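*Asks:* Sequence:
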Amino acid sequence: MVIRRIATRSSSNDFAPLAAVATAMVSICWGASVAKSLFPVTGPAGTTALRLALAAAILCGVFRVWRKPLDRQMLRAALPYGLALGCMNMLFYFAIQRIPLGIALATEFTGPLAVATFSSRRRIDLAWIGLAIAGLALLVPISASPEAAAAAAPRAIDHALDPAGVLLALAAGVFWGAYILMGKRAGEVLGAAAPAYGMTVAALVALPFGIAQAGMAMIQPHVLAIALVVAIFSSAIPYSLEMFALRRLPTKSFGILTSGEPAVGALTGALLLGEVLPLAKWLGIAAIVGATIGTTLTAGTGAASGEPGNSGAGTKPVGSEA
Numbered sequence: 076m077v078i079r080r081i082a083t084r085s086s087s088n089d090f091a092p093l094a095a096v097a098t099a100m101v102s103i104c105w106g107a108s109v110a111k112s113l114f115p116v117t118g119p120a121g122t123t124a125l126r127l128a129l130a131a132a133i134l135c136g137v138f139r140v141w142r143k144p145l146d147r148q149m150l151r152a153a154l155p156y157g158l159a160l161g162c163m164n165m166l167f168y169f170a171i172q173r174i175p176l177g178i179a180l181a182t183e184f185t186g187p188l189a190v191a192t193f194s195s196r197r198r199i200d201l202a203w204i205g206l207a208i209a210g211l212a213l214l215v216p217i218s219a220s221p222e223a224a225a226a227a228a229p230r231a232i233d234h235a236l237d238p239a240g241v242l243l244a245l246a247a248g249v250f251w252g253a254y255i256l257m258g259k260r261a262g263e264v265l266g267a268a269a270p271a272y273g274m275t276v277a278a279l280v281a282l283p284f285g286i287a288q289a290g291m292a293m294i295q296p297h298v299l300a301i302a303l304v305v306a307i308f309s310s311a312i313p314y315s316l317e318m319f320a321l322r323r324l325p326t327k328s329f330g331i332l333t334s335g336e337p338a339v340g341a342l343t344g345a346l347l348l349g350e351v352l353p354l355a356k357w358l359g360i361a362a363i364v365g366a367t368i369g370t371t372l373t374a375g376t377g378a379a380s381g382e383p384g385n386s387g388a389g390t391k392p393v394g395s396e397a
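Here this note's numbering is used: the first residue of the sequence shown is 76, the next is one more, and so on.
Simulated from the structure, these hints should not be mistaken for lab results.
In this text the structure is predicted, and so the values were computed from the model without any measurement.
Don't take each hint at face value.
Stated by the list, open to error - Cβ pair distances, simulated, as ranges: (1) L201 x H297: 50 to 58 Å; (2) F90 x L346: 24 to 32 Å; (3) V351 x P296: 29 to 37 Å; (4) A94 x L145: 15 to 23 Å.
Ideal placement from N, C-alpha and C gives every residue a C-beta, glycine not left out.
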C-alpha cells in the first residue's frame, strides 16, 4: 500500500520529507474545508466521529494492526494519545463551525507554543509569549458592528469573532499540547503504526458524541462518501506523511515547517470557503506563526543539535489537529 510505504520506507532524498510536510498541511486544510460542508447534516461531533472512524479503519488496514496483539505497554501508550487526539479534533471542528479556519488554527497553535515555552523557562521565551499574546489580541473578538465591517470589506469576516469559537479553539490547543506530550511515547512504543492505534482510540472517544448529535444521518450514503474523502485527506494521508517526515527531519526543522499551517489554513479558507480575513486577523496569524517559529529556533541545545524528541512549538509527533 502507498500509505504504508510512505510511512515506513527510508529515503535518501532530502527534499522528500520537506515535500511531505507541505503536502500534509495542504491536505489537512483542504480536508477541513470539505468537512465544514457536512456540518449542516451531521454537526461537528458527527463529522468528527465519521472522519476518525473511517480514518481508523483505513489506517488499521494499511498497517495490519491485527498482526501484533495489544499488550499492556501498547495500551498505556495508545489510550492517552488517542484520547488527546479525539478531544483535539472534536473541539477543533466545533471551533471552525463558529470562526474561520485560519483563525482557529492560529488560536489552537497556542497549545503547542505553551508546551514549548513553559518547559524551557528562558528569558528569550518571554518575548515569544508576548508575541503570541499580541497575536491573540488581534484575533479575539473586538467591538465592531456588522454594518461597519460590511462597509469596510463586504466579503471580509466580521472583526467581532464568536467568543465561544475562540474558547473552543483554545481548548483544542490544550489537547494539542497533551497530544504532543503523549505523542512521543506513542511513536516510540507503537512505531509507524501509531496513527492507526491512536485514531482507533480517538474514534471510540468521538463516536458517542457523534451518534448523539447526528444519529442516523451519519450512515446516509452521500454523507459517508464525503466523510471518506475527509478521512483520507485530513487523517490518513497527512498523518502518514508527517510520520514519514518526523522520522527523517530534526524536530526543530519539522516544527518550523509545520508552524506555517495557520497561514495555509487562512489561504484555504479564503479560496474555498470565502473566509476573507481583514488585515488585523492576518497580522494576528502572522504574530502567532512568528512566535511558534521563534520558539522552535531558540529551543534548547538538544533541539538545536537536531536530536529527535525535543519538541518545538509546532511539533506534531504523529499528525495534526484539523
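*Asks:* A separate judgement is required for each hint: does it hold in the structure or not?
*Replies:* Each hint, compared with the structure:
1. Distance hint check: the CB atoms of L201 and H297 are about 51 Å apart, consistent with the given range 50 to 58 Å.
2. For F90 and L346, the Cβ-Cβ distance of about 26 Å falls inside the hinted range of 24 to 32 Å, so the restraint holds.
3. About 34 Å separates the C-beta atoms of V351 and P296, a value consistent with the hinted range of 29 to 37 Å.
4. For the pair A94 and L145, the supplied restraint of 15 to 23 Å is violated, since their beta-carbon distance comes to about 34 Å.
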